[in-house]
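**Q** Sequence:
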Amino acid sequence: MSAVRQEAVDGGVEVRLEGLTRTYGQLRALDQLDLTIEPGELVALLGPSGCGKTTALRILAGLDRADSGRVVVDGRDISGVAANRRDMGMVFQAYSLFPHLTVLDNVAFGLKVRGVGAGERRRRALEVLELVGLADRAGRYAAQLSGGQQQRVALARALAVEPTVLLLDEPLSALDAKVRGQLRDEIRRVQLEVGRTTVFVTHDQEEALAIADRVAVMNGGHLEQIATPEELYTRPRTRFVAEFVGLTNPVAAVVDGDSATVLGCRVPVLPGSVTSGAGTALVRPEWLSATPDATGQGTVVTRSFLGSLVRVVCELQNGGSVVVQTSSAEGAGLAPGTRVQVGVAPTAVLVAPEDAGLPDATSGGPSAS
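Heads up, the sequence shown is in this note's numbering, so the first residue is -18 and it goes up one at a time.
If you're looking for bench data, these hints aren't it; they were derived computationally from the structure. Some clues are possibly wrong.
Below, computed lysine to aspartate or glutamate pairings styled on DMTMM-like, alpha-carbon distance capped at 25 Å [to be verified]:
(1) Lys159 x Glu211
(2) Lys159 x Asp185
(3) Lys93 x Glu143
(4) Lys93 x Glu108
(5) Lys159 x Asp117
(6) Lys159 x Glu111
(7) Lys159 x Glu174
(8) Lys159 x Asp194
(9) Lys93 x Glu111
(10) Lys159 x Glu187
(11) Lys93 x Asp117
(12) Lys93 x Asp68
Model the full structure from these sequences, guided by the hints.
**A** Below is the structure:
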């Protein structure tokens, strides 16, 4: 474990959501949600709108109450504790800065409410502003800052009170792409430095994969899978996870034992796959190859240049199409209309129950033309 990561673990607390259920009329926002966050860990709650991720965060913050279940922080059940007594810092999508206060006074506001003296307030506010790189803006007002700077002030304000847990609710969604990427990295740097256990809610898969120690994918109020970004991407446990996180090709497959035939190639299968017979393999574009071949089973339909990568859509002779992603060098000869042989790398795939209308799984070798 790195020194930075050890510092985070030493400074954080364990958070447990145990059997959380929450309904709003006929809507079941959370359905027996169980989730454990390790001390000092940053966990991203990822999922589509309505999956329950924000509801879970609000219950953790004390802004909403579960119908059943418990919230346990550092071994203490805080389910009945008021929000203002939970010792948590929260950053929302909206910056919510006081326009009539300077940056310094905005950051020090929570300390003032807690009765901290003026000298100590100033010292701690300047300390966290230095941490987020805005000490030189301490005397300015919100209207004089960019959106990214305002969100960094909001982060500093949450950190100034030295919360036990830091909660981030879609904090970057109002920013443009370039600023969002920069601030995402900044949040991660700060979180590692202060060592706070952190929950980060987002619907953006790239954001979640880039920033989190582990990603918790939610769907319909329950947890589909929680894993490191790498494991989540390469070893999804359910079809929902495979299709929600990253690009996926549904390709016909035939499972036999611990492997499957996909486009004429034998590949290992992941746990959770169908145990035998026909199914649908969920294959990442970069696990496919497209080699120019006059007798191949595919034809390039479109080609997209993405800098270091090339992404092509190949129409298969026996029906359907796949997306193939490769390096720019390897994709140089893949112009639209090129006949190709589509292959599959020997990477383990999840094979879900069969989809109708997919091309024959065994059709992968040279075809008569």
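**Q** Are there hints from earlier that the structure breaks, and if so, what are their numbers?
**A** none
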